[in-house]
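K.L.:
Respectively, the protein sequence lines represent chains A and B. Just so we're aligned: 411 in the working numbering is position 411 of the first sequence, and the numbers increase by one with no gaps anywhere. Just so we're aligned: 255 in the working numbering is position 255 of the second sequence, and the numbers increase by one with no gaps anywhere.
Heads up, some of the hints might be wrong.
On the chain B side, residues computed to face chain A include the following (Cβ under 7 Å) [unchecked claim]: (1) Phe116; (2) Leu194; (3) Ser196.
27 Å max Cα-Cα, derived DSS-like pairs, lysine-lysine [unchecked claim]: (4) Lys37/B to Lys907/A; (5) Lys99/B to Lys907/A; (6) Lys99/B to Lys197/B; (7) Lys755/A to Lys9/A; (8) Lys818/A to Lys108/B; (9) Lys99/B to Lys54/B; (10) Lys907/A to Lys9/A; (11) Lys197/B to Lys138/B; (12) Lys818/A to Lys54/B; (13) Lys99/B to Lys818/A; (14) Lys818/A to Lys755/A; (15) Lys211/B to Lys907/A; (16) Lys9/A to Lys908/A; (17) Lys99/B to Lys211/B; (18) Lys908/A to Lys108/B; (19) Lys37/B to Lys908/A.
Everything labelled a hint here was simulated from the structure, so no lab data went into it. Each residue gets a CB set at the ideal place from its N, CA and C atoms; glycine is no exception.
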Amino acid sequence: MTLLKLSAKNIKANILRLLLTAVAITAGVGFVSGSFILADSLSDTFEGIFENAGAQTDARVSVAEPEFGFDERTLSDSIVPELEALPETGRVTASVTITDQFTPFIALDENGEEVVPAGPPIITFSLEAEDAERFEGDENQPQLIAGATPVGIDQVAIDSTYAEILGAEVGDQLDFITPDGNATFELAGIIEFPVTGGAYFVMFDFESAQTLYDKEGLVDSIDLAAAPGTTPDEMIAAVAEVLPEEAEVVDQTTLIEQDLEGFNSFISIFRNILLAFAGIALFVSLFIIYNTFAILVNQRMTEIGMLRAVGATSGQVRWAIVVEAFLIGVIGSIAGIFAGIGVSSLIKSGFQAAGGFPETGTVLTTTTIIVSLVVGIGATTLSALGPAFLASRVSPVAAIRNEGPTKRGTRRRITAGAIILAIGLVLLALGLFVLSSVSGVLTALAFGAIFMFIGVALLSVLFAEPAVSIIGRPAVLGGLLVLLGLALFVLTFTIGKGAPDSFFTAIIFIPKMIVAAFAVIVGLSIIATKSRGGNPVGFGGTGGSMEGRLATLNAARSPQRTAATATALTIGIALISTVGTVGESIKASFSDSLEGGVQADLFIFDVETQSSFSGDLAGEIRAIDGIGAVSSFRFNEAKVGDDVESLGSFDSDTGTSLINFDVTDGESSDLGTTGVLVFRNEAEDRNLSVGDTVPVTFVSQETVDLEVVGIFDDNSILNAPIVIDNELYDIHHESTDDDFVGASIAEGADAEAVKAAAVAAASNFSGVEAQDNEEFRADQEGQIDGLITLINFMLSFALFVAFLGVINTIVLSVVERKREIGLLRAVGSTRQQLRSMIRWEAVIVCMFGAVLGIVVGVVFAFAAVSAIPDDIIGTFAFPYETLVFGILIAAVAGVAAALFPAASAAKKDVLAAINS
Amino acid sequence: MPRLACMTSVAPETMPTPPSNSGSAAHCVGAIKIYGKGDTEVHALRGITIGFPKGQFTSIMGPSGSGKSTLMQTMAGLDRLTSGETYIGDTAISSLNDKQLTILRRQKIGFIFQAFNLIPTLNTRENITLPLDLAGQKGDVAWIDQVIETVGLADRQTHRPNELSGGQQQRVAVARALASRPDIIFGDEPTGNLDSKTSAEILSFMQQAVKELGQTIVMVTHDPRSASYTDHALMLTDGQITQEIPNPTTESVYNAIQQLED
Ligand SMILES: Nc1ncnc2c1ncn2[C@@H]1O[C@H](COP(=O)(O)OP(=O)(O)O)[C@@H](O)[C@H]1O
Ligand SMILES: [Mg+2]
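Input sequences plus hints: build the corresponding full structure.
P.N.:
Rendered as structure tokens:
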């Protein structure tokens, strides 16, 4: 009772600081709940589609999935009459489908523009009149709401949402893009779907669909209903008898499960990735909670001592603090659940901006609520345990004497930091020198990184004081800001290619310029007020000016607190630096391997989805006047012995002149139908050398003994350890689609004209583009940049939490120094000087955190890059722009974090402060 | 207790024209300070008109809660009056905004508080030059050195406050108040926390600053012995000046207090 009263009183007395702490929890929990909400919403949206698909069907016949790899397997529609003839089958509905976001059958508006709302796929399939009849009145099935089902090659049906967007009515003539160019169809009917999952539907009758989809004589799936008096199992047994080997039949439950399984595993990976980032943000919140309580306990030493002196047991003192944390955890977590709704839509718009993400609803499940509460409350309470124990160990006398922060805390921090750092280093060493499997190395490195970052952050208490004193020197701080600001300008316009070219670079470009300008101006003002006597105006310099000196001294006075405040920032920025550095190194390595290994002048591939395209295109490219060597590249899987490996295939007579994968043993020309090239690592693992034979099993399940003709050293472009000739590939695969076509331009030919011809040829194939060397490189680097930006976007949540932590500490230390602030005002410090003192203290602490984070992050990235095999990342490169931007953002964050505490400190009445 | 008619205490409604201030470093006219509102209203100053002559050491005496600190704080521009006006030299401070008031404080006024006088992160010398540094001025280095020498802190210049004794800390505060040669120095029980020997040391040093350097000092105290160091003691009772004792001695002040309590 008394205990609760005390906790409640403390909360009331410190409501502002504790609310700030609660906000840190809210942010961390918000990310966790947001991850769940987004994943659940996504899953909810799509599950409906799958469940629908299986209803009203006892079984489905479709092409059997290969055991590994991919191939264009087809099922002849001659099976349909056979199935109809079986006495066990009732209704037999054959259909063909195309489900691909980028496949044509997109309606055009009156201006000839494609009407594809961003994100959702357009699903195209066949629909027969009998389906519509059968579904009529079943609310779980598509309903014909206007017109009739399409009949014949010039009729189409679309779903009601798409019809609404197009403003189309039954009887209208609609223009569509189709694989064979534009075509006009009459809108025969409009179908309403119970669940669309954001997809749009375009439907034709079965025979027309076969023609339109280029699937004459083929069928994708056949839905079966058992004849009256026959059980589904009996029917399935009968059907299995007549099915060809390339087809399989599954019952309804399995059907739905199969569909859901793949989808659910995608959702769970997606959720886990989000949660990993959420974990980082939450982890940073823990530091903040710990820090807040540590400071609060310190400030309350006298009060605690008094309580102890009048008879409170150490247990009571401890519990009062734990209960306080628990209550704050409850408030913060509940708010966090709701914040999660905002966070989920923020992440969603991030993904949508980065490259397509479906519209979803918002699903808040009980699991989300429970997990958020448990995580939030648990984390808060746990992080307050340390300070609570510290408080309970305070002796009454020591507390009343108010001796300030104990050295014991610092010592423990150093010990803990050293141990954690050592664990991190051991993990790093394991990753670098001991482990060999890629996943093992990556896991060791990832955990090593986190341990190292925490360890260094904890140990930073050792050098926080001298470091802060150096950073706080006007010449250092001013000079640093000016240099970095200028550097950011220069880098943005040189390496950064200047003006923005994508959504993400655009939203970063303007802040970047503002931050750079800010740094230069502020830095100059600091340097200008450097000489004593200069009356600081504007930003209030940390020159020889007193407030600058006081700011530095304040930052240096409690290394423990400075280190703890900076820690959150250090971890966030260290992660961003690591990602940036590894990303930059990947880009540089990629550039290097393009330079060294690629002689092709033209690159032809599906830029959007990287899906394969008809082999006809390679033929058209070969026919271009002035073209040099041309090779098709295909990627698949094959079994070598019992292991599934990536399989590459190319035209070996021309291919190596386009992509040099460094065949060091044997040779690569003319592999024929019996030769294989093997990547050196693979060859070493399998003890293969030139002349040996190796059994390779293709998707078709055919096994062939191939002769090792050559061993290659550079796997960075093809990324497949075994490579064969297309001639051999064609024998064992149905599909002759290419994934990639490389070509060179003949000497003396008009390069521009050749390229234009290639571009024109590619434009007839949906999504496929022809790029020259420069475009190809820019495109690939752009994708890496996009990924880095996306990761940074996710990490920025952690930075945001860290930023809250800085505000929190500054507020706390302003409260703590109330008297001192009053004294300063009494002896002549203006409000502006006071604000500027607090602001610079925040900036100095933030800069310390950022610089430390960058050093640790880059050092770690360097270790990681050297650990990763050279064929993946061979070159180390600094992401100068990101690093410079990171430090300056920290400076700006410091200014922003100090805004509120500085204003409230300056507003304080002089006397109120003195008399407190 | 009958209200004593006193020449320096005037009811606000009969406020005369301000007295000539040519001789006072600071003065106030009809100073009224009311804390709170309604039921909780406290009349801390009930209309005080008084001047502090230049080059004099004045003490303000009176029982606890009589308004000593309030008078000092409003005179020094740390707080504002409810009505009436205070002047530092010729400057009326009620019309000054916060920034002007701050600058006035750091240029014209020195402070010595009872405790918490020093910024813990700054060393002795930095604490002494703090008002000058805040103004971005270098100050008179020779003078500052002399002050530091005089208060006996020459060998403690780089020490932090927590490395100094209580007496040393107060000496730093006195030195700080003197460093910028302000028009007037206010002290609120500057020796209230010190033992009598240290207290005497500091007080005689303040006395010396007035006598030899022509400094003006106003000090709040409740200790008759402290008041005896001053040229002039004012008795404050219930927000009004009730008595003025020129050239106070421990005895005369003690008697005056006894008289009040009877
Ligand atoms: N900030 C304040 N709010 C309300 N009342 C105050 C405040 N400061 C002083 N007082 C009251 O004003 C009166 C005079 O106080 P003060 O000037 O501090 O007296 P002294 O310094 O002589 O002990 C006292 O009754 C005190 O309670
Ligand atoms: Mg007082």
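K.L.:
Provide an ascending list of the numbers of those earlier hints which the structure does not satisfy.
P.N.:
Those not satisfied are hints 2, 3, 6, 7, 11, 12, 14, 15, 17.
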